[in-house]
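Just need the whole structure built from these sequences, with the hints factored in.
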Amino acid sequence: MNWGWILQMAWRDSRHSRRRLILYMSSIVMGVAALVSVRSFSDNLLHSVEQQAKILLGADLAIRSNSPFDPEDEAFLQSIGGIQARQVSFSSMALFPTQQATRLVQVRALRGEFPFYGEFETEPASAARDFQSGKLALVDNILMLQYGVEVGDPIKIGNVTFEIKGRLLQIPGESVAFSEFAPRIYIPETFVEETGLVQLGSRVRFHAFFKLPVDFDADKLVEATDEERERLELSADTVSERKERFERQLNNLDRFLSLVGFIALVLGGIGVASSIHLYIRQRMETVAVLRCVGARPYASFAIYLVQAGLMGILGALGGALIGIGIQRLIPLILGNLIPLEIEQAVSWGAVGQGVLVGLGTALLFALIPLLPVRRISPLLTLRSDYENATGGKRDLLVIVAFGLVGLALLGFSLAYSSRWQVGLGFFVGLVVTLGLLTALAKVTMVITRRYFPSGWQYVWRQGLANLYRPHNQTVVLMLAVGLGAFFILTLYLTQVSLLDEVSSFGEEGRPNLIFFDIQTPQKDELRQIVDSMDMEVLQEVPIVTMRLASVKGIGVDELREDESYGGRRWALRREYRCTYRDELWDSETLLEGTFAGRNDEQIAEVSLEQGIAEDLDVKIGDSLTFDILGIPLEARVGSIRAVEWRNFQTNFFIVFPTGFLEEAPQFHVFVSRADTPEKSAALQRAAIQRFPNVSAVDLSLVIDTIDSILEKLTFVIRFMALFSIITGFVVLTGAIVSGRYQRMKECILLRTLGASRPQIRRILLIEYLFLGIFASITGIVLSLVASWAIVYFVFDAVFIPEFMAVVVVLGAVVFLTIAIGMSNSRGLLEHPPLEVLRAED
Amino acid sequence: MMNADMNAEPMRRTILTAANLTKAYKSGERELTVLKDVTFEIEEGSSCAVVGPSGSGKTTLLGLCAGLDRASSGTVSLVGEDLSPLSEEELAELRNRYVGFVFQSFQLIPTLTAIENVMVPAELRGETRVHRRAKELLEKVGLSDRLHHYPTQLSGGEQQRVALARAFVNKPRILFADEPTGNLDAETSDTVEKLLFDLNHESGTTLVLVTHNLELAEKTDRIISLRGGMVVSDRLTESRSLVSQ
Ligand SMILES: Nc1ncnc2c1ncn2[C@@H]1O[C@H](COP(=O)(O)OP(=O)(O)O)[C@@H](O)[C@H]1O
Ligand SMILES: [Mg+2]
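For the protein sequence lines, the chains are A and B, in the order given.
If you use the working numbering, the first sequence corresponds to residues 1 to 841, in order.
If you use the working numbering, the second sequence corresponds to residues 842 to 1086, in order.
It should be emphasised that the hints constitute simulated quantities derived from the structure, not laboratory data.
Hints should not be assumed to be uniformly reliable.
Claimed, not checked - With beta-carbon atoms standing in for the labels, derived distance ranges: (1) Asn1024(B) with Tyr458(A): 33 to 41 Å; (2) Leu321(A) with Thr916(B): 54 to 62 Å; (3) Glu930(B) with Tyr468(A): 52 to 60 Å; (4) Leu321(A) with Glu930(B): 51 to 59 Å; (5) Ile313(A) with Ser996(B): 52 to 60 Å; (6) Arg938(B) with Leu329(A): 57 to 65 Å.
To be verified - Pairs of lysine to any residue residues, derived as SDA-like cross-links and limited to a Cα-Cα distance of at most 20 Å, are as follows: (7) Lys243(A) with Asp217(A); (8) Lys211(A) with Glu241(A); (9) Lys679(A) with Phe516(A); (10) Lys393(A) with Arg871(B); (11) Lys393(A) with Glu872(B); (12) Lys442(A) with Ile777(A); (13) Lys393(A) with Ser868(B); (14) Lys619(A) with Pro692(A); (15) Lys393(A) with Ser913(B); (16) Lys1060(B) with Leu1036(B); (17) Lys393(A) with Tyr866(B); (18) Lys156(A) with Glu74(A); (19) Lys877(B) with Gly896(B); (20) Lys393(A) with Glu929(B); (21) Lys211(A) with Gln99(A); (22) Lys552(A) with Ser587(A); (23) Lys1060(B) with Asp1075(B); (24) Lys135(A) with Gly112(A); (25) Lys867(B) with Gly886(B); (26) Lys745(A) with Arg761(A); (27) Lys211(A) with Ile80(A); (28) Lys393(A) with Glu870(B); (29) Lys393(A) with Glu930(B); (30) Lys54(A) with Ile338(A).
Yeah, the Cβ is synthetic: ideal placement off N, Cα and C, and Gly gets one too.
As structure tokens, this is what we get:
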């Protein structure tokens, strides 16, 4: 093939359309920008991790136990050597006497110079080291702001009142974002005893941190002491393990964000295909002439492929540039989720990858409308019956091109998912969503056309008719713009529905306050306190902590090694917090077997929640052996039940009948209700002052927490969705620009027929009004369905179709569509018809 | 009787042969036969007009002869090559090498300037120094001051003159013209006609001209008349008779 000529023709032929071509290809800009920014950001983050890995752990080695280090443990720890620090951590209520407020917090009692790497960031800065010198505490800044607490104020933990020495701004290796859920408080380890909070049965973690000589291989030590640690029940964490875990999490985040960003690229690809289709339509006669004078079929195709390719490269490079810019925003978007300082550098790997994926997408999508160019007949020069111009038979290559697009999408989805199921799910979801949007768009168009009242004013009918002109791109536009509406609204409605669900827990008469960690001797007095404040204990639930010793007669250690075991390994290791009672609750439904409220046999017939039964791979009649602080207890699966996790109450995987656990070490949970926040605060205060070991959680705290999690999540997704939304409007602009000539001819014709400028302007306005309404209706309908499905099926909650949100989205989409459309039609009416016709191509 | 006339000059080589050409279009169930059993030969260097009322199949015939379309049955052989077994690629190359075109609707490429339009067929061959030849041709058709204008900036007559220059830039052995003056007013038509015949004589190109303008047809050597897709007459014109005597 004569490439010199092809390049020259491509160049010459594009002379008048370059701006348009660039606009077409800029559909992929935001998609590429999304990919480049996410990837570049995570590359930088990985680089930072490489350099600051030790900060993640704060030490070279951490050893953890669930019980206090005994002399044997201590001997082991001392044998490791190095510089050591100790930490005891547990959840507890903190009381701010000045503010008369209580709050569940994460207490960490520290002894030694920890962290060895990185530093606590505090205010005043000196507090980071000083707090260990007395009854002093460091308190999470967010908590202090929440309760209006100042440095110097007292804070009471258990039986001890500390003075707040400093605000805790940043803990190395931990992200600030989570401090809202469990605000952290550091106290000196010396006072743990005195708080009275560390007792048998309460959940306390004991850590030893090590700073080891430079040439010390902590990983090797961990491996070498595997058996000894197993015997001592000590688990270990090293820098490289922590780093690996962090990298894995980061990788998941990176992939997730890339997938969301990829949607923008696919949408851009659809935009490219659609506008190239129009572009080629205007080039058919040119191609026919070229074929007549001797250009070969593939040469004429190559001319336009070259144009598309060059523009694709420009688009992708532009996207990469924007991506590099946006990358700087991502740390702000992810807020304080990232516990490291990130340096900003351009990742050329990310740029290369983004440009390649972008260009590939653009070209693959462009192939679909470009391939028919091969088949444009030279006969078109003699007569212009366009319908037969590209040969009647089905073009195999176009089908292949569609297949390639599909394969590429699938390939990308798989490559960016941690598991193939997720990738396949994403792919199917994407295709189904796009397919449904297209179908909805088509249906909307057909229905509107059929039922539009013919009695309406001419300008209305004309404006609407404009959307149905031959070779219109209306459906693609509805898809592009509708997807944006779909995205935003689905995120919002899902969030609202979930929040509403959680809030509804607190409706009249339903529990909204839970006390836990109540010891058996404290039960009666606490009940009296509740009663004395005109509230009541709605439910009293005993909790016994245990582990599994064997399943179906096989020891869990053995089972964990067993390849053929069909359950999940974590289910074997976890700690089970079980209860016992003689009946099922309203929120529980029996699925299989019977629940014996009381059985006097030797073996307890327990009831398993269906999910955990699956995870353990057990059926009715299978035997389980539990270990309660060293004492074995035989049980058998007597029933399987479904649990509705929709109440503010404690739910259990495993329920025992009465008659087995009454004498086991246990603590209790009270479920209660306070009608006002003031009453709730007062009751909590009273309870905690009397029994400092008891903790309380009220519903508003849970709601705040969930709200905050959802807010963070949806904010990140919304940010990534923004790329798709912008792409939608770029596609819209591209289509409006390429339809400009057509529209102009119509305008001129109308003017010739005597239409006034305001009339023509109104027709255009109405056209965009309809387009905007169509697009948003398409997006809104699908989003209502999707968010209903998500809320109902995934979260098992009640869907709230918030009317105002729908109206706002509708208004915004219509407004933007009209604004873009009208600003593009500006020149149309200003110039004399002939001049306009000649100047454009 | 007509055959006798043609046999009178056995020395001339044949450049175009149509044998039993039939073209039918399927429209739904029905089949519409547009050309039926058309047979003729055209000598190299001669000029020939195809006439007939609108819809009689002139354009269809031209398309078949020039290798733009394929016949339902029958054969076309152009410059000694049977067209039917040739692929689209080979047809394209053959057209580029031997064939020139002039169309009723000019068919200039709107995105190229006048001179670029003229250069296209030559450049397609891989020739590089075509600018001068193109410029000379445009001068010949009287457009030396319009080289860098785009088609939309030219009048109909000017566009057709550019098309003429383009048709001759590769020195074709045969030129097909489909109603070349059909879209022009009388005065402009005269100029274009004159240029067409001048260039034709000058380069010795065979000319196949489709027209319903009998006056124009009479200026060629031979007139083939079509009606309803069939040849109803095939005769030499006076101008030809004069030359051969
Ligand atoms: N693609 C086609 N499909 C069906 N009929 C066609 C097609 N192209 C041309 N025809 C028919 O063939 C007949 C001859 O057309 P044409 O060759 O253009 O005639 P002329 O050039 O003599 O006016 C016409 O009746 C026309 O309608
Ligand atoms: Mg015709």
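Hint by hint, here is what the structure shows:
1. The hinted range of 33 to 41 Å is satisfied by Asn1024(B) and Tyr458(A), whose Cβ atoms lie roughly 35 Å apart.
2. With their beta carbons about 59 Å apart, Leu321(A) and Thr916(B) fall inside the hinted range of 54 to 62 Å.
3. Separated by about 40 Å at the C-beta atoms, Glu930(B) and Tyr468(A) break the suggested range of 52 to 60 Å.
4. Between Leu321(A) and Glu930(B) the Cβ separation comes to about 41 Å, which falls outside the hinted range of 51 to 59 Å.
5. Distance hint for Ile313(A) and Ser996(B): a CB-CB separation of about 40 Å, inconsistent with the stated range 52 to 60 Å.
6. A beta carbon spacing of about 60 Å between Arg938(B) and Leu329(A) agrees with the range 57 to 65 Å that was offered as a hint.
7. The straight-line distance between the Cα atoms of Lys243(A) and Asp217(A) is roughly 15 Å, inside the 20 Å bound, and the hint therefore holds.
8. A C-alpha spacing of about 16 Å is found between Lys211(A) and Glu241(A), which places the hinted pair at or below 20 Å, so the restraint holds.
9. Taking the CA atoms of Lys679(A) and Phe516(A), the gap is about 18 Å. The hint holds against a cut of 20 Å.
10. A distance of roughly 19 Å separates the Cα atoms of Lys393(A) and Arg871(B); the hinted pair therefore holds under the 20 Å criterion.
11. Taking the CA atoms of Lys393(A) and Glu872(B), the gap is about 18 Å. The hint holds against a cut of 20 Å.
12. Distance check on the hinted pair: Lys442(A) and Ile777(A) sit about 12 Å apart at the alpha-carbon level, within 20 Å; holds.
13. Restraint check for Lys393(A) and Ser868(B): the C-alpha separation of about 15 Å stays at or below 20 Å, so the hint holds.
14. The suggested pairing of Lys619(A) with Pro692(A) is violated, with an alpha-carbon distance near 42 Å, which exceeds 20 Å.
15. For the proposed pair Lys393(A) and Ser913(B), the alpha carbon gap of about 17 Å is at most 20 Å, so the pair holds.
16. A distance of roughly 13 Å separates the Cα atoms of Lys1060(B) and Leu1036(B); the hinted pair therefore holds under the 20 Å criterion.
17. Distance check on the hinted pair: Lys393(A) and Tyr866(B) sit about 15 Å apart at the alpha-carbon level, within 20 Å; holds.
18. Between Lys156(A) and Glu74(A) the alpha-carbon distance is near 30 Å, which puts this suggested pair outside the 20 Å criterion.
19. With a C-alpha separation of about 13 Å, the suggested pairing of Lys877(B) with Gly896(B) holds against the 20 Å cut-off.
20. As the CA atoms of Lys393(A) and Glu929(B) are separated by approximately 16 Å, the hinted pair is consistent with the 20 Å bound.
21. Distance check on the hinted pair: Lys211(A) and Gln99(A) sit about 40 Å apart at the alpha-carbon level, beyond 20 Å; violated.
22. Taking the CA atoms of Lys552(A) and Ser587(A), the gap is near 29 Å; set against the 20 Å cutoff, the hint is violated.
23. Under the criterion of a C-alpha separation no larger than 20 Å, the hint pairing Lys1060(B) with Asp1075(B) is consistent with the structure, at around 15 Å.
24. Our distance criterion of 20 Å between C-alpha atoms is met by Lys135(A) and Gly112(A), whose separation comes to about 15 Å.
25. For the suggested pair Lys867(B) and Gly886(B), the alpha carbons sit about 36 Å apart, so the restraint of at most 20 Å is broken.
26. Straight-line distance between C-alpha atoms of Lys745(A) and Arg761(A) comes to about 14 Å, which keeps the hinted pair within the 20 Å bound.
27. In summary, the hint linking Lys211(A) to Ile80(A) is supported, as the alpha carbons are separated by about 10 Å, within the 20 Å threshold.
28. With a C-alpha separation of about 17 Å, the suggested pair Lys393(A) and Glu870(B) falls inside the 20 Å cut-off, and the hint holds.
29. At roughly 19 Å between alpha-carbon atoms, Lys393(A) and Glu930(B) fall within 20 Å of each other, so this suggested pair holds.
30. For a cut-off of 20 Å, the pair hint linking Lys54(A) to Ile338(A) stands: about 15 Å separates their Cα positions.
Hints 3, 4, 5, 14, 18, 21, 22 and 25 from the earlier list are contradicted by this structure; the remaining hints agree with it.
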